[in-house]
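All chains should be modelled from the sequences, with the hints used to inform the complete structure.
In the UniProt record's numbering, the protein residues as written are 1 to 274.
In short, the hints are calculated from the structure, not lab data.
For every residue, glycine included, the Cβ atom is placed at its ideal position computed from N, Cα and C.
Careful, some of the hints might be misleading.
[To be verified] Just the calculated beta-carbon pair ranges, DEER-fashion:
id: 1; residue 1: 11; residue 2: 144; range: 12 to 22 Å
id: 2; residue 1: 49; residue 2: 197; range: 37 to 47 Å
id: 3; residue 1: 15; residue 2: 247; range: 33 to 43 Å
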Amino acid sequence: MIELKTPAEIERMHVTGRFVAEVLSEVGRLADVGVNLLDLEHHARGMIAERGAESCYWDYAPSFGKGPFRNVICLSVNDAVLHGLPHDYVLRDGDVLSADLAVSIDGWAADSARTIVVGTAAEEDLRVIRATEEALEAAVDAARPGNRLGDISAAIWAVARDHGYPVNTEFGGHGIGRTMHEDLHVPNKGKPGRGPRLRPGLTLALEPWFARTTDRIVYDADGWTIRSADGSRAAHSEHTVAITEDGPLVLTRRESETPATRGGRAIRSSTADA
Numbered sequence: 001m002i003e004l005k006t007p008a009e010i011e012r013m014h015v016t017g018r019f020v021a022e023v024l025s026e027v028g029r030l031a032d033v034g035v036n037l038l039d040l041e042h043h044a045r046g047m048i049a050e051r052g053a054e055s056c057y058w059d060y061a062p063s064f065g066k067g068p069f070r071n072v073i074c075l076s077v078n079d080a081v082l083h084g085l086p087h088d089y090v091l092r093d094g095d096v097l098s099a100d101l102a103v104s105i106d107g108w109a110a111d112s113a114r115t116i117v118v119g120t121a122a123e124e125d126l127r128v129i130r131a132t133e134e135a136l137e138a139a140v141d142a143a144r145p146g147n148r149l150g151d152i153s154a155a156i157w158a159v160a161r162d163h164g165y166p167v168n169t170e171f172g173g174h175g176i177g178r179t180m181h182e183d184l185h186v187p188n189k190g191k192p193g194r195g196p197r198l199r200p201g202l203t204l205a206l207e208p209w210f211a212r213t214t215d216r217i218v219y220d221a222d223g224w225t226i227r228s229a230d231g232s233r234a235a236h237s238e239h240t241v242a243i244t245e246d247g248p249l250v251l252t253r254r255e256s257e258t259p260a261t262r263g264g265r266a267i268r269s270s271t272a273d274a
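Take a look at the structure:
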């Protein structure tokens, strides 16, 4: 069932969204060559506990996972792009790191993701990151009253096509509000003018993700971490967006733009805040 939120409820989601943005900014600041993924996980746990928030990931047990997820953040490295299980891994120069976080505060959830390069960035890695950010901006712009769900999907697909990236349709965006996953499913590929009409009060997590040379995925033995099937590097960008009478409102926007590299020389900065 699709629940349209009131302006007051959207503002409560906005409170959560600002906190999600704060945590992701802090994770991006701390991610550096020599930092262990588990240190980032525990830092995020501390911020969530201090704020009195609740992780939407802890004990999450969907049909595609292997047992309940027992972490508060997804950290995916290089060819991993979704649901990366934080583990004992020390970040290396040039690693591509995607961080995905969803929490709930006072019963209202928000979800966001960003991808950065740790240390010295290769141009081809920055290019795929920029493509997901551009696709996210296009998706947000399409999230307007009177448009249809397919307009969002088509906007993402158009950016991927322009950059030459294939698009996987197994995992995409979703409705969000009282829980992390609500109706609707938002594919990252679609046709304009198709699907349900977008109405004020609809809240969606929009999340384009691309691998450089494949649309096929494989799972790690942990049952969670999703990788590109050919080992090509990948990127993921996500915001929680509310559709309002005045247009789309991004609830998880980070306050300041941050380069897509950490701890080293950036070949070119990425527009990390979509």
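We went through each hint and held it up to the structure:
1. Between residue 11 and residue 144, the C-beta spacing of about 20 Å keeps the proposed range 12 to 22 Å intact.
2. Taken as a hint, the range 37 to 47 Å holds for the pair residue 49 and residue 197, whose Cβ atoms sit roughly 40 Å apart.
3. Distance hint check for residue 15 and residue 247: the Cβ-Cβ separation is about 20 Å, which falls outside the suggested range of 33 to 43 Å.
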